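Numbering (this note's numbering), first residue to last: 40 to 258.
Keep in mind that the hints were calculated from the coordinates and are not lab data.
Wrong hints could be hidden among the right ones.
Mimicking BS3-like on lysine-lysine, the simulated pairs with C-alpha atoms at most 25 Å apart in a straight line are [to be verified]:
hint, residue 1, residue 2
1, Lys96, Lys53
2, Lys96, Lys149
3, Lys96, Lys85
4, Lys53, Lys85
5, Lys85, Lys149
6, Lys48, Lys139
7, Lys117, Lys139
8, Lys117, Lys149
9, Lys85, Lys117
All values reported here derive from a predicted model rather than from experimental measurement.
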Amino acid sequence: MEGSLGVRKGAWSKEEDDLLRACIQRYGEGSWNLIPQRAGLNRCRKSCRLRWLNYLKPAIRRGNFAEDEVDIIIRLHKLLGNRWTLIAGRIPGRTANDVKNFWNTYMRRKSEEKEKRKEAMIPHEVLKPQPRTLSKISLRLGGKQTGEYHNSAEQCSTEAYAAPPLQFPENWSDNWLESLLEELGSCTCEGNGSCCSCTQEETLRLDLWDEELINATGT
DNA sequence: AATTCTATCAACCGCCTCGGT
DNA sequence: TACCGAGGCGGTTGATAGAAT
Numbered sequence: 040m041e042g043s044l045g046v047r048k049g050a051w052s053k054e055e056d057d058l059l060r061a062c063i064q065r066y067g068e069g070s071w072n073l074i075p076q077r078a079g080l081n082r083c084r085k086s087c088r089l090r091w092l093n094y095l096k097p098a099i100r101r102g103n104f105a106e107d108e109v110d111i112i113i114r115l116h117k118l119l120g121n122r123w124t125l126i127a128g129r130i131p132g133r134t135a136n137d138v139k140n141f142w143n144t145y146m147r148r149k150s151e152e153k154e155k156r157k158e159a160m161i162p163h164e165v166l167k168p169q170p171r172t173l174s175k176i177s178l179r180l181g182g183k184q185t186g187e188y189h190n191s192a193e194q195c196s197t198e199a200y201a202a203p204p205l206q207f208p209e210n211w212s213d214n215w216l217e218s219l220l221e222e223l224g225s226c227t228c229e230g231n232g233s234c235c236s237c238t239q240e241e242t243l244r245l246d247l248w249d250e251e252l253i254n255a256t257g258t
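Start from the sequences and build out the full structure, keeping to the hints where you can.
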């Protein structure tokens, strides 16, 4: 089981695990390019790093995901998308790989259920969209007078059509996760914005990302 | 008991970012 | 500014255990 450069690939043996563990206990994490040499392993740096982070690290929790963990994953995925490391970072003892694997099987199960429901559905009357006149003062425009109704992309990109600034609670930056879960918990619109601020998700994402960076850099 | 199917998860691969030179 | 190497991430694959036939 060796690669083109004579580097071993595939499943790790217990001996290899022991060597890697001992090496990291002695030298610490990091300097992954030196780890194979120091540990006496015929593995590439990436393989060593992955094995440690996903399997050997003492804090790792194994076994099925608890109900509340699943709940957090679903909510955070709704907000962050496939940012597995960020999501895993909010669930103690779980790795990005675990979360990713869980999500893939979870999603497969969900889509299969959806397919089944679709097949079992009775055909029903389709409601066609009706032409309608929009009010000159819309909530989305913050009550600003906008003049005539426009429908071209060019016209819609003008300043008059910019969305109003997001209103965050005063304590937003202090406990963003609690605020987030609270908001997501009351959401029933599946992202169409009919009941909440799902349509503001992109801006929300950027703010959350900033928060992560601030936490990471300590600035 | 043998074979096939399915779900799970460890591991690999390619790409991106960042810091050093 | 360009290049290079290390670290890190997400997507995908492959091995394998367990269930179903």
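Holds or violated: lysine 96 with lysine 149, Cα cutoff 25 Å? violated, 31 Å
Given the hinted pair lysine 117 and lysine 139, is their Cα-Cα distance within 25 Å? holds, 14 Å
For the pair supplied as a hint, lysine 85 and lysine 117, is the alpha-carbon distance within the 25 Å limit? Not satisfied, since the Cα-Cα distance of roughly 30 Å exceeds 25 Å.
Given pair status - lysine 85, lysine 53, alpha carbons within 25 Å: Given that 25 Å is the threshold and the Cα spacing comes to 18 Å, the pair holds.
Pairwise hint evaluation, lysine 53 against lysine 96, where the allowed Cα distance is 25 Å at most: Measuring from Cα to Cα gives roughly 14 Å; hence the hint holds.
Measure nothing beyond the straight line between the CA atoms of lysine 85 and lysine 149; if it is 25 Å or shorter, mark the hint as holding. violated, 33 Å
With a cut-off of 25 Å on the C-alpha distance, tell me whether lysine 117 and lysine 149 pass. holds, 15 Å
Within a Cα-Cα threshold of 25 Å, do lysine 96 and lysine 85 meet the stated pairing? Holds, at roughly 15 Å.
Between lysine 48 and lysine 139, is the straight-line Cα distance small enough, at 25 Å or below? The hint holds at about 22 Å.
Checked against the numbered hints above, the structure violates hints 2, 5 and 9; every other hint is satisfied.
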